[in-house]
Structures are given as structure tokens and as C-alpha cells.
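J.: Sequence:
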Amino acid sequence: MISFSKASSAHKNIFSPNLTPVLQESKSIIYKLGILSLKGFVGKGSIQVYSIIGNKITDIEVQNLSEFNLQIDLRKNNMYVIRVLNNSDIKTFKIIVD
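When we follow my numbering, the leftmost residue of the sequence shown carries the number 1, and every step to the right adds one.
Hints were generated in silico from the structure; no laboratory data involved.
Below, simulated DSSO-like cross-link-like pairs (lysine-lysine); rule was C-alpha separation at most 30 Å, straight line: (1) K27 / K39; (2) K76 / K94; (3) K39 / K94; (4) K39 / K91; (5) K91 / K44; (6) K94 / K44; (7) K32 / K56; (8) K27 / K56; (9) K76 / K56; (10) K44 / K32; (11) K94 / K56; (12) K32 / K91; (13) K27 / K94; (14) K91 / K27; (15) K76 / K39; (16) K94 / K32; (17) K44 / K56; (18) K56 / K39; (19) K76 / K91; (20) K27 / K44; (21) K32 / K76; (22) K91 / K56; (23) K76 / K27.
Quick list of the computed label-pair ranges, beta carbon to beta carbon: (24) Q48 / S26: 18 to 28 Å; (25) K32 / R83: 16 to 26 Å; (26) K94 / I60: 13 to 23 Å; (27) E67 / F93: 11 to 21 Å; (28) N77 / K44: 25 to 35 Å.
Where a beta carbon is used, it is the ideal one built from N, C-alpha and C, also for glycine.
Build out the structure end to end from the sequences listed, making use of the hints.
T.: Written as C-alpha cells, this is what we have:
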């Protein structure tokens, strides 16, 4: 026979009613109709665009990343690396232009 003892009251509740869940908007980039747009970034930073073999195409300083749109001509059927540097945070994305 197996018996289980009643849970001890010495265990503390690990969930505090004072904690508020924080939802983070995911960070992403979109390239459509020749325009590169950022989603989920705030503040100032810089955007770097590289070809897949590492050639730098552009490097732009931006004052407000949340409203950033860049008209840039990227060749079809190629892959690019986009780096976004923001508040000591670096996010790297790969895109394929089709």
C-alpha cells in the first residue's frame, strides 16, 4: 500500500500576487515592395545590411527605430543579413528576397 502524507504548510507560495506579467513584443523585420521595416524596436540604434557573403550594403544610424522604414533595392533570389543594434542589444535576421 502506498500512502501520501498531507502537504506541509512549510512550503511557500512561489507565485506572488504582486508580480505583473510582462508581454514582450517580438522583434522582426519585413522587406516588401523595396521597403525594409522594423517591428518591435524602440529608441535609437543602427541598421546594417550585408550580403550573405559578408559585403556591407549599408549602415544607417536611426533616431527612432519604432518608426523606421528604409527604401532599399535588394536583388531578387538573394539572401541578406540584417543586424539591428539597439541599447547594447544586437539582433540578427536573415531574409530571402523573392
